[in-house]
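Chains A, B and C are the protein sequences, given in the same order. Oh and the first sequence: position 52 is 52 in my numbering, straight run, nothing missing. Plus 275 on top of the position in the second sequence (first one is 1) and you've got my numbering. Plus 550 on top of the position in the third sequence (first one is 1) and you've got my numbering.
Hint data in this document are derived by calculation from the structure and do not stem from the laboratory. Treat the numbers as computed from the prediction; the structure is a model and nothing was measured. Wrong hints could be hidden among the right ones.
[Unchecked claim] What the simulated footprint calls covered on chain C by chain B, stretch by stretch (three residues with Cβ under 8 angstroms from a Cβ of chain B suffice, anywhere in the stretch; the number is not a length):
| # | stretch |
| --- | --- |
| 1 | 557-564 |
| 2 | 577-591 |
| 3 | 626-632 |
| 4 | 662-675 |
| 5 | 796-805 |
Beta carbons are placed, not taken as given, at the ideal position from N, Cα and C, and that holds for glycine.
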Amino acid sequence: VVTLLTDFGWQDPYVAEVKGVLLQTFERLGGGEPWPRVVDLCHTLPPCDVRAAAWFLARVHPNFPPGTVHLAVVDPGVGTSRPVVAVQAARCHFVGPGNGLFRFLVGTADLTVVRLNAATSWRGEGFPPAPTFHGRDVMAPVAARLALGCPIRELGAPGTAADLGSLEAWPAAVESEAVGSSRPIGRIVWIDRFGNAITDIDRASGLGDRLSAGAVLRLAGTEVPGPVLTFAEATGSEPFWYWGSGGKLEVAVDRDSVARRFGWRVGLAVGWTAP
Amino acid sequence: VVTLLTDFGWQDPYVAEVKGVLLQTFERLGGGEPWPRVVDLCHTLPPCDVRAAAWFLARVHPNFPPGTVHLAVVDPGVGTSRPVVAVQAARCHFVGPGNGLFRFLVGTADLTVVRLNAATSWRGEGFPPAPTFHGRDVMAPVAARLALGCPIRELGAPGTAADLGSLEAWPAAVESEAVGSSRPIGRIVWIDRFGNAITDIDRASGLGDRLSAGAVLRLAGTEVPGPVLTFAEATGSEPFWYWGSGGKLEVAVDRDSVARRFGWRVGLAVGWTAP
Amino acid sequence: VVTLLTDFGWQDPYVAEVKGVLLQTFERLGGGEPWPRVVDLCHTLPPCDVRAAAWFLARVHPNFPPGTVHLAVVDPGVGTSRPVVAVQAARCHFVGPGNGLFRFLVGTADLTVVRLNAATSWRGEGFPPAPTFHGRDVMAPVAARLALGCPIRELGAPGTAADLGSLEAWPAAVESEAVGSSRPIGRIVWIDRFGNAITDIDRASGLGDRLSAGAVLRLAGTEVPGPVLTFAEATGSEPFWYWGSGGKLEVAVDRDSVARRFGWRVGLAVGWTAP
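So that you can see chain A by itself, here it is in the shape it has in the complex (with noise of 0.2 angstroms):
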């Protein structure tokens, strides 16, 4: 299996261009044994948000099976000095831009780091990569590879963690201006199509105990009870947190936005009050 998770949108031809040289490759290299298959996980990221690349892979990676090859290219840095990496990692393979989209597999045991830095996995002679699109001319060819079973040193040049990048931390303006008196303990992580907001605080975390001895979830002044279990048992049409399915608190509004009808955004800060 071959993953692609892009900022590419898909109503231009570069999702396709990809596919295209993934299957090239296959047909080239595959020797008629079946074909890896190819999923698209997004493609509608926003555009040059590494960060939320980063986050969509590492709440979604976990649910495919092992030998996946996760193709993710958000790479504003395209063509400069970043470099371009495979990673293997709990059991999988990632390939893309060394910009901290795989910074969240640090702490992985058996971590691998390949650059990419050797034309003879690109995409071959005759196609020197563009250099505003490594995702198709030097990215794909290896994710081929590494589906095809090609083993992951003879791609490149052994790299470290270091070779991942790191993310931009987030901006402390928001945190400072959402929290108010409260403590924080997160932030929205993601809004997604319902308009429920998705944070970064894990159901591992504690939160919990204290929020069942009589703590406050807040969000920007807004007092959020809970938890639920399900949206059935929310009452009218306040908002409310509940455990969501990737393990996170998520804060809602029954069949509305909460998003919308509070104006919160990814970024904000979640605390909390004492009773």
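Given the coordinates of chain A, assemble chains B and C onto it according to the supplied hints.
Chains B and C in isolation, oriented as in the chain A frame:
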């Protein structure tokens, strides 16, 4: 073949997670056979609109080959007492919530309904179903098992047509408002990307004969002549009606959105007046 | 491989129905072989914009492996006298309307054109083609047959390049308005998700030499310096030009939409002025 029909949208992790679980299940239980194919039907259904999902699936499923498994997740009542079901009908399988989505299958010969209350057919140990995401944790593993050939009766407890649930009736206000003095015969059930209005009036309804005999089709006060066979027959920029590719009466204008031009929406009643 | 390129959008049943018919045809005629793969190129082409479809396919198809069947349906004249064609060219097949979409293939060595007027290669008994949906009822079954290895000449009557039709010329007004006193050499043919403007000026056009010798690229009165190799080379928030990943001249600003900033659209002429 497993098809996917949801209101998850393309921008969130939910579709990707469902696909991952399907592939994980194929990998665990597939035994080296080629994996079933996964096909996206639509993920941008109007959020929580079970009626839209039912309309879409009823129209599309006959185009798929025998043995297809249709996994449909529009499930605003997730985690409540509504059942989760697997259905065998029309030489295919259907998996989803018992909230009316599959009501259209009632009347099909050899209908089999199974309630998916057996944890053994769910995602497996270590993955208790998230109360807000049965599509991933309950329905996807079952759909994968059906696609791998598992008999439907082994996946849960025998159910009945009542377990399929019912759709809400259309709100009456829209109907009386729209039809005026004409005789209501149906309503708009879908507006497509081109702005064409698809109704639920079937070609076999006899309306065609009435309209040939001089009756006039009316929507919200507007007379709509017809039928035309192709859009190229339309003259000028007037609306017209025709028998659409799904066998139902549709209304359009050439190279414009009839829905936007007249402010028509899903639910609007369609009537006719005698000559 | 069968690729799909349409203006159907993702929200309607049309793409799903085409996929269903492809799979139904594989199931009926495939004889137990592994089914060809179905790949979405794009479904959000501007509605009825045959020129956009032609541009997209001309750019993308060389990335796919030999033997690929490209099914392209942007067909505002569906049901009229425009032919439906299958084309063999560049070691691939193309199926769609003869409305200019495949005009770009003229000049390819060994071009074979077949008019799809033989009902025996359509969807089959019980499925007369809907006058408004030849993509599903005529083209998809033919594309499936080609992907299964059926010789193109058995699918219809011999045709000629004239059956491919022609694209409308660009409206002249846009050109004169935009270029001003500069010498027109091309125009914007695509605006991508990032707001970058892709022109039809080829790297082999010699413009690069002129611009190196001091000539200045101009769009609608704005001087655009360049070329840069990567976006990171750009200084500040000024527009710049570069040779894009499709081999054409593109104009952008770093981390912003050049199209929105300057109000540029597809069709705008690009010129240059001597130093």
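Structure-based check of all given hints:
1. 557-564: holds (count 8)
2. 577-591: That given contact holds, which follows from 5 residues of the stretch 577-591 of chain C lying within Cβ reach (below 8 angstroms) of chain B.
3. 626-632: Since three or more residues must qualify, the claim that chain B covers the stretch 626-632 of chain C holds, with 5 doing so at under 8 angstroms.
4. 662-675: The restraint on the stretch 662-675 of chain C is violated, since only 0 of its residues have a Cβ under 8 angstroms from chain B and three are required.
5. 796-805: violated (count 0)
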